[in-house]
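There are 2 protein chains.
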Amino acid sequence: MLGGKGASLAEMTRAGLPVPPGFVITTRACHAFREHGGALLPDMVDEIAQEIRKLERVTGKGFGAADNPLLVSVRSGAPISMPGMMDTVLNLGLNDSTVVGLAKKTANARFAYDSYRRFIQMFGDVVLGIPHYKFEQILTDVKQQENVAVDQHLTEDALQRIVASYLDLVEQETERPFPQDPIEQLHHAIGAVFGSWDNPRAVVYRQIHNIPDTLGTAVNVQSMVFGNMGEDSGTGVAFTRNPSTGERGVFGEYLTNAQGEDVVAGIRTPKPIAEMARDLPEIYEQFLGVCRQLEEHYRDVQDIEFTVEQGTLYMLQTRSAKRTAQAAVKIAVDLVNEGLITRETALLRVDPDQLVQLLHPAIDERAATTTLATGLPASPGAAWGRVVFDADDAAQWVKNGEQVLLVRTETTPEDIHGIQAAAGILTSRGGMTSHAAVVARGMGKPCVCGCDALTIDPSNRACVIGHQVVKEGDIVSIDGATGRVFLGAVPVREPELSEEFKTLLQWADESRTLNVRANADNPEDASRARAFGAEGIGLCRTEHMFMSADRVPVVQSMILAGSTAEREQALERLLPMQQGDFYGILKAMDGLPVTIRLLDPPLHEFLPSLEELIARRATLLAYLDNPTASDSDADDARVQRLNAELAELAEVETLLAKVRALHELNPMLGHRGCRLGLTFPEIYEMQARAIFQATAQLLQEGLHPMPEVMIPLVGHVEELRRMRALVERVARQVATEQGIELHCPIGTMIEVPRAALTANEIATEAEFFSFGTNDLTQTTFGYSRDDAEGKFLQTYLHEKVLLENPFAVLDVDGVGALVAIAAEKGRHVRPNLKLGICGEHGGEKHSIAFCHDNQLNYVSCSPFRVPIARLAAAHAAIQQTRRESVSDEGAMARVVLSR
Amino acid sequence: MLGGKGASLAEMTRAGLPVPPGFVITTRACHAFREHGGALLPDMVDEIAQEIRKLERVTGKGFGAADNPLLVSVRSGAPISMPGMMDTVLNLGLNDSTVVGLAKKTANARFAYDSYRRFIQMFGDVVLGIPHYKFEQILTDVKQQENVAVDQHLTEDALQRIVASYLDLVEQETERPFPQDPIEQLHHAIGAVFGSWDNPRAVVYRQIHNIPDTLGTAVNVQSMVFGNMGEDSGTGVAFTRNPSTGERGVFGEYLTNAQGEDVVAGIRTPKPIAEMARDLPEIYEQFLGVCRQLEEHYRDVQDIEFTVEQGTLYMLQTRSAKRTAQAAVKIAVDLVNEGLITRETALLRVDPDQLVQLLHPAIDERAATTTLATGLPASPGAAWGRVVFDADDAAQWVKNGEQVLLVRTETTPEDIHGIQAAAGILTSRGGMTSHAAVVARGMGKPCVCGCDALTIDPSNRACVIGHQVVKEGDIVSIDGATGRVFLGAVPVREPELSEEFKTLLQWADESRTLNVRANADNPEDASRARAFGAEGIGLCRTEHMFMSADRVPVVQSMILAGSTAEREQALERLLPMQQGDFYGILKAMDGLPVTIRLLDPPLHEFLPSLEELIARRATLLAYLDNPTASDSDADDARVQRLNAELAELAEVETLLAKVRALHELNPMLGHRGCRLGLTFPEIYEMQARAIFQATAQLLQEGLHPMPEVMIPLVGHVEELRRMRALVERVARQVATEQGIELHCPIGTMIEVPRAALTANEIATEAEFFSFGTNDLTQTTFGYSRDDAEGKFLQTYLHEKVLLENPFAVLDVDGVGALVAIAAEKGRHVRPNLKLGICGEHGGEKHSIAFCHDNQLNYVSCSPFRVPIARLAAAHAAIQQTRRESVSDEGAMARVVLSR
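Each protein sequence line maps, in turn, to chains A and B.
Note that the UniProt record's numbering has the first sequence beginning at 1, numbered continuously upward.
Note that the UniProt record's numbering has the second sequence beginning at 1, numbered continuously upward.
Calculated directly from the structure, the hints in this document are not laboratory data.
This one's a predicted model, so the numbers in the text were calculated from it and none came from an experiment.
Every residue gets a Cβ at the ideal spot worked out from N, C-alpha and C, and that includes glycine.
Warning: the hint list may mix true and false statements.
Said to hold, decoys possible - Derived coverage of chain A by chain B (criterion: at least 3 residues anywhere in the stretch with Cβ under 8 Å from a Cβ of chain B; other residues may be distant):
id: 1; segment: 608-617
id: 2; segment: 702-716
Stated by the list, open to error - Residues from chain B that face chain A, not an exhaustive set, calculated with beta carbons under 10 Å:
id: 3; residue: E612
id: 4; residue: R617
id: 5; residue: P753
id: 6; residue: K791
Same shape as in the complex, but just chain A (with noise of 0.2 Å):
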């Protein structure tokens, strides 16, 4: 009801702090106010008269009084936070009268027609809708007269001219004087707040940050204080502590003879506020003691602006100080061992997207810094290279020991070596979870996506990124975190883990009940995810390790083979290879599960492109068709010419026969996961022999490997039922062969609705679940991720038709319920039943708070992610436990409060 700027000077004053008096016309009147069409009540009236008098015997000042003038100003609060969105009036009492008052009070004429004339100037912009350019005319026109540049250099008699010209100017437009009742002059000014509310730009705000419109602002009317009365005077900003860095100690700039005005036109330059002890050192002490209760009071750091007033100190504001991740953390750490806060209160004071600055290297931004374009931020992180615009170039370059940024239009899953490569990734097109930005992510690798002032030329190796020309080899930087693109090399600042953030973390996993897994698909990014604290490896992808440059053509030769006996030939070289990828992982992440699934893409996505094929395809027939090409050629060469034409017509032909026999219309629906499992058995038989071959290995040098087979994209129970056969069925081998034993849990992903739908009968066969949200995203909206970020995603969420991107937050009412649905059968038939989220949601907060809310055993993110998860998991389980001590309405908003 008071609003936010009203309740804490309420607290303020009752904690006894110097607070300039006054009072608060609260949200309830705004609600009458509206609703009697724009105007205040008689019992209004009467009040605000009432605390008038009130004030004027607190103050000893009169309002109107030309003696001893009271002036208030008159401000919008509304319960939740719009800054610079509603109306304002100062020095408001002032008059033809009072304002000699003031000048004689304060022996300060200049500074008083000055505060006339502002008054003024704001009273009748913002109450009588007198438009701005025509008091900034005035101004100006006299400033050319008196010859000086800056208000600040005007003369007392200026001021008054300026201060004749507007009272004219505000008859002229008002057919009415301006009015020299201060009570009068009040009335209007809270009126003109409250119509505010409903300004289009406040209405638009609102719209965007979804503040419901019924909520109204209230009024704060407070007594105004100066601090340009004299050396004894000044006004400041500080905070309470270090809001970059968190260190402890006051940290903020003042001024001596200013008002907050003069800070803001920065005419002249603030001083650190530890000078203060000198200028004004009673003051000071004071201050000090104020800032110390003020963070005991809140229990936070507070961000405030004070004013002296002739050596009285007066608090204007005080407010949670916004602060970097870095402060957050090292501060959240501090109150506690201060004694101010809980753990638990420690941990919700960070935000878990907040961690994503301290995990990634930064663009030091105190570095000089041309920014050529912007994209999407796909994935944090800075970075510098060389640019290629070609994946095999990128890999190549970095074997010459070069540093490469790999610049593509957008890049396909051909393309992994060269991501791997190159220290950051630039494309062109797609968005927040197109190909580039999902594996760099995964990789932790900084990626900028869909920057659309991108332009690449590959005939002439070169591109254009805004108006510059870049061409192959130039150095480019990229900041994932923010989408910029910079020319050169931009200096990086490495990031560093403090101990505070340890200290939180260990926190939060005393605090959480989730656990935390990471995605990964190989060694190295195994054991960074362990690092980070990861609990197991929830979803490492097989598909990543068939597409390095030295196993494409033997798995291209696999899905080319004309009979299964020479699919077997193509396999059994794989084999061994696999055999390598699952030994790196499982020993990496030794005594912690690795949930490892079986090949999910489509074949076609290791084979060339159909359209790439068919362009070849016509360009040779159109040579062929008309092979008198060049008359000089020699009858010899012509001929040489032409067969190999006609050699590479065969080929292409054979080649684009099966691309077009594969190709599918909607391969994300198509034939991929289990179903490439139950057509080709033979791929996944040799998958799961060398899982338990490199199981086999490390059990003998006496670890601990613990695989989990995962079987994708099981809708019926049947498909379930068959893959667990054929990998039981070569788990028993190995185990004869190797003379071992071998318990392997075996379980599959959710990821059709169908397979939700019906967990009751596919937990039969499944020792876990894990719920693949993206594609379950993709099937439950009926969206394609490729095509609809780029086409109408962008357009619903702009609208708010949707108010969030389901790939990036979890849809709790669609496919939430479906992940609920999935747990409750499941578990019904399978108590134990092991239940897990491996999408992109795994690591985003709200998400991860459903997890928790569902009971899900663990979320798996990436590597870079882990320690986000592991505080948001935190945060969930606190949050729960806070629901569940209250049970009544008014305790739950207080919770919400405290959030």
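Following the hints, position chain B against chain A.
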């Protein structure tokens, strides 16, 4: 427990019909036999001995008695018929002495020895496991010695020699003489029949037909009767009514002085049963009486086997007769009129699927035909036409008065005008739900899809079907009910709907509670549907209306428009065309609801394909790269050609850019449905305006149009809220402009899982839900229909991973669960919410039963399936009533038997 055959024999006996005496060993004995390792228990041996003694008393014959031997048959009889899968032994009881008694008693030594030799052979094969061919070898040898061609011509002497050789063979193979003790013979035979339950072909049969292995078989031991004991004997097979036409009167064949084998062997031609009236007048009268009695007892037409032994009639078997659709309808109606069954039973007697035969033209099977190949029976009906390979050609040829068959690899929406023009469609690729199949079924046009044996050679305007080269213009016929393809014009029978058919459907209408609507996109289909009894249009697609040759250019200019204004111009040209479409359909369905779905497919479906453009571009580039094409070209011509190619290249590049921009990796999950409406509201505005202007026009003509507007592919209530607002705004505009009142329900398709899961929200904005179960199946399973059928789904069905194609039969566990959730949640917030289904499942009987059980309001199917749906809806209602009127489990079982 008695098995099918045993039960019917017992029932006939109880009804006082002349049945050769015998006894049944129950399936319970079979269980005991199998559990005890394939041995008869002592109890069983005792009981068998008792029953044989009873049989001896009843027949007055002795088991093993040389003077008057009792012979028995030993047959299997499973609870669910498995014809020919298990073993039988006839003439058991014959041995070296009883064969002499039989010869004496029948005065037919040839017959006696032939019976003995058959018995030894059958027993040797079935019981002793001696390879069949060894007996055949002996038989063949003797026939050669005797110089006779067929068994029937062997003399008594020759048969005696065969018997001797057979007995030697048995002793040689089993190292024991052939068992002479009838009781020993009987025990072995019973054991063999029990054992045959587990023979491989029976096991496979049960797997295929989902018959539980645990059922077991009964064994029927019955005294033998012989139809070959002279001219007062005979054997025959008869139906109590004509199974082909349903006409009253006994229908069948018989032979005097013959056994059943003789009829099967085909040596003698059987006589029509009516001739029995002359040959055996008394028996014939008795037989007609028995037929009447059987029909009255079973209240259905019977398929009867009988034998006359020396003037005594014996009934060997009776069962409900299989019948054609035509007969089924007539018989059902006649039996009601005769007071034998109720209307409800009559309805249940006709399988809705059978009606398909009656609704479409059919190949006249009597006409000699050459089958070239067989594909999938994609859309029933028969047609012939001149082969064309292109939709434009099809349209052109038909304009010129030809009847054509459109032959394509597969069809796309661009071929619609060709499909419309053609008499039938034949494709080499695509399954039962490919584009061609779906469109053809919708139009009731014969179609054969996925004909592997068809290869098209477009450059030579020819194709190969099987081994036959077929050129453009050659005549080919197809039978869409069986998938056969014929050379030449095969005569076709037009369907005739009998009076009984109409009566039966009237009764169906009285029984059913589910409404039946049709899917139709044009006035002709709508009228046809109405004639078939449709009570409205459940799905009027608007995209086909955009496909006609004269509209495609306008639609393309709408899509390629550079600005909203340009797009609106194109839409303005489309408006009167659309208005005409809706006028026609609403008029055809005057007084009945028509649910019109706004534009659904992605816009790129209306543009040339990406592949085509890529190939064309590559070709042009290759030519331009090498422009010195032909040395003989005059310079002017060369320049002209160059310029033309450059101009085309520019055009192709522009189009390619747009097609690429609209290209989607997974169009099924892409920018379509209401996603189009939200991004290009002007398209939906035009369509809404066309609907309401057509409605206004009809209202002004005094008719009663009942449009309902359906917003496709809604997944979130906000999508529907905005589209609803748009449609309502246009409705108000048109109402004002035309000075009329407009009431138009607005609803949505439920075709993505999220819509079903959040139906409580969506129902707040929807007056009706129409379940688009085609797309809902795609998203629930994660199957792309276009890809799945050609790729893994065939494997899935073949290997029984799935038992039914979910695109044909609604998947109750998954998709059905979503329908049930949506129905429940939707009706919870809006009790009068209208629910229907408009996928292909709307015409499938199991799916219709599901819709009835879940209290949907209507199903909507293709016009030709409307009668089928009416009958299936009646079935569902009757079955539900019957289920509800019985409550204990036993009663449930009775209902299952009566289906």
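Hints versus structure:
1. 608-617: Per the Cβ count (6), the hint holds.
2. 702-716: holds (count 3)
3. E612: Where the cut-off is 10 Å and the nearest Cβ of chain A is about 9 Å from E612 (chain B), the hint holds.
4. R617: Holds. Min distance 7 Å.
5. P753: 4 Å, holds
6. K791: With Cβ-Cβ at 4 Å, under 10 Å, it holds.
In this structure, every one of the numbered hints holds.
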